[in-house]
Amino acid sequence: MVLVIEPNAVTADGMFGIFFGHTFIITDGEPECVDGYPWELTVVH
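Each residue of the sequence shown is one higher than the last, beginning at 3 in my numbering.
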């Protein structure tokens with residue numbers, strides 16, 4: 003099974019948002035994150 007977790011933060015008016023997520027392969031063993039992106043958010047000023 004493949005599971006994608008995509009929490010999306012969007013402004014109340016829906017005019018701006020950010021999309022991020024992780025893709026996992028779920029087997030009988032441990033879930034495996036397969037997208038290779040870090041878990042930490044990066045803040046750009």
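Hints in this document: simulated from the structure, not taken from any laboratory. Note that the Cβ used here is the ideal one computed from N, Cα and C, for glycine as well. Warning: the hint list may mix true and false statements.
[Unchecked claim] Pairwise CB distance ranges (calculated):
| id | residue 1 | residue 2 | range |
| --- | --- | --- | --- |
| 1 | 4 | 47 | 14 to 24 Å |
| 2 | 47 | 27 | 19 to 29 Å |
| 3 | 17 | 44 | 28 to 38 Å |
| 4 | 3 | 47 | 17 to 27 Å |
| 5 | 3 | 46 | 10 to 20 Å |
| 6 | 9 | 38 | 32 to 42 Å |
| 7 | 34 | 14 | 19 to 29 Å |
| 8 | 22 | 47 | 17 to 27 Å |
| 9 | 34 | 11 | 17 to 27 Å |
Structure-inconsistent hints, enumerated in ascending order: Result: hints 1, 2, 3, 4, 5, 6 and 7 break, sorted rising.
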